[in-house]
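Line by line, the protein sequences are chains A and B. Numbering follows numbering that gives the first Met the number 0, in which position 110 of the first sequence is assigned residue number 109; successive positions increment by one, without gaps. Numbering follows numbering that gives the first Met the number 0, in which position 52 of the second sequence is assigned residue number 51; successive positions increment by one, without gaps.
No lab work stands behind these hints, which were simulated from the structure alone. Heads up, some of the hints might be wrong.
Pairs of lysine to aspartate or glutamate, EDC-like flavour, derived with a Cα cap of 20 Å [unchecked claim]:
#, chain 1, residue 1, chain 2, residue 2
1, B, LYS239, A, GLU232
2, A, LYS191, B, GLU199
3, B, LYS119, A, ASP188
4, B, LYS223, A, ASP66
5, A, LYS21, A, ASP58
6, A, LYS79, A, ASP132
7, B, LYS250, A, GLU232
8, A, LYS156, B, GLU182
9, B, LYS112, A, GLU196
10, B, LYS207, A, ASP188
11, B, LYS156, A, GLU226
12, B, LYS21, B, ASP58
13, A, LYS156, B, GLU178
14, B, LYS215, A, ASP66
15, B, LYS112, A, GLU199
16, B, LYS156, A, ASP218
17, A, LYS250, B, GLU178
18, A, LYS46, A, ASP17
19, A, LYS223, B, ASP67
20, A, LYS207, B, GLU232
21, B, LYS114, A, ASP208
22, B, LYS79, B, ASP132
23, A, LYS119, B, GLU199
24, A, LYS156, B, ASP218
25, B, LYS114, A, GLU196
26, B, LYS112, A, ASP208
27, A, LYS112, B, GLU196
28, A, LYS114, A, ASP40
29, B, LYS46, B, ASP23
30, A, LYS134, A, GLU26
31, B, LYS79, B, GLU56
32, A, LYS215, B, ASP66
33, B, LYS119, B, ASP23
34, A, LYS239, B, GLU232
35, A, LYS191, B, GLU145
Far from chain A by the CB rule (all over 10 Å, computed), these chain B residues [unchecked claim]:
#, residue
36, SER22
37, SER32
38, PRO44
39, LYS46
40, ASP58
We put the CB at the ideal spot given by N, CA and C, even for glycine.
There are 2 protein chains.
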Amino acid sequence: MIKITIIGSGNVAQHLIDAFAKSDAVEIIQVFSRTQKHITDNLDPQKIITDWNALAEADLYIISVSDDAIASVSSQLPFKNQLVVHTSGSAPLSLLDDKNRKGVFYPLQTFTKGKSIDFKTIPLCLETQFESDYKLLEKVAYSISENVQSIDSHQRKALHVAAVFVNNFTNYLYQLGNEICQENHVSFDILKPLILETAEKLLTLSPKDAQTGPAKRNDLSTIKAHESFLSNENQSTIYKILTQSIQNHGKKL
Amino acid sequence: MIKITIIGSGNVAQHLIDAFAKSDAVEIIQVFSRTQKHITDNLDPQKIITDWNALAEADLYIISVSDDAIASVSSQLPFKNQLVVHTSGSAPLSLLDDKNRKGVFYPLQTFTKGKSIDFKTIPLCLETQFESDYKLLEKVAYSISENVQSIDSHQRKALHVAAVFVNNFTNYLYQLGNEICQENHVSFDILKPLILETAEKLLTLSPKDAQTGPAKRNDLSTIKAHESFLSNENQSTIYKILTQSIQNHGKKL
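Work the whole structure out from these sequences, hints included.
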């Protein structure tokens, strides 16, 4: 069994603990948390420590804290020459303290508190400072997911920015859609099958081939009708910018 | 059996014919097409007509043609006082010619040529000029879907605009995400589980509660890092506008 210690008790840490609990190849020996609190039912409370001096020796230390805290947490670790990884999409490998062997273990997914998720399909993006450490990290990753990727810091940065477009920005468009429904007394639920199908379409079509709508086909009368329908300035601005961008994008290609 | 004639042979018409083929309550008696061509395996080619004079009497005529053509097609119909509906999300009921009883039968979904879809979950948005016609239209709708909605022209317009946000614009964000991946030599496939989960999250959370990311938490250092990462002007413009909009939206609420 590969012995792992998790440092952090947030949302990602909790989902990782739940995933590793089902793994045969990995054992979580400790979880470092600032306070002695319940983290998940899948963790024996006795494994939770709040004092750096209580850390036992592990094969891998996973720092799962906010980006701002990675540097200071990694420098506080009371040991050296161990394999220490963070789970951030945007932080570079170099953010970790030099006294340990560095790596990244980035699960590219959106985690919702209290909503369980099938880890098997989640892409785990791995990077290690030393090639000799990659194998262990890969073994740990494959013990919970079938989707393991070797991704360097530059690629990970690109993925993280792209993820903002397809996750954060997309969800914001859902929010604007919801707002338009509320303002016009129609249930947002009616749009949910469309939202799901729009995402599922990508399994068979490229987004370029899947693009439809008035902007794509340059249907100016529908665009004009939509613009005059939208009285909310924010919605109207976003509508115009994205419509123009789709129209120009088509011309460029 | 309710007798239906479909006028049009495009993408939506084809999906409707496939759906009605499985219905016990409805029979498609004719399909009007400009040319005698193969439409779907589920249609007896002898039912395809290309001459208005060959139209037989039906209980319901469904005009499924492009928005621009609805008015002229409905005025060409060689009969009067029949129930005639269109399938458009953006066209008003009034676009149909006055000589027949009008209605709308709008399936709110994105239809991909050649990709079959489970009609049962597709919202069918119905409207009729006369209340007495609603029951028949409802019966037809329930024969292929469990999701039947009474939606007036104003509500349908709102749904159609909202659908542009959650479908066309969302797909465009997928396209930009794909572009960022390609430019940085990383596979877009890695983002697909995230895209699916972002959509599926809406089944348990409102989009407002599901919103995460640097803009939402006002993480200025990550936003700055993303902005300097994006060298493509179009991507950079969309990133800034949507980030600002998310930040301001949070303040307003």
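Structure versus earlier hints, numbers of those that do not hold, lowest first:
No hint contradicted; all consistent.
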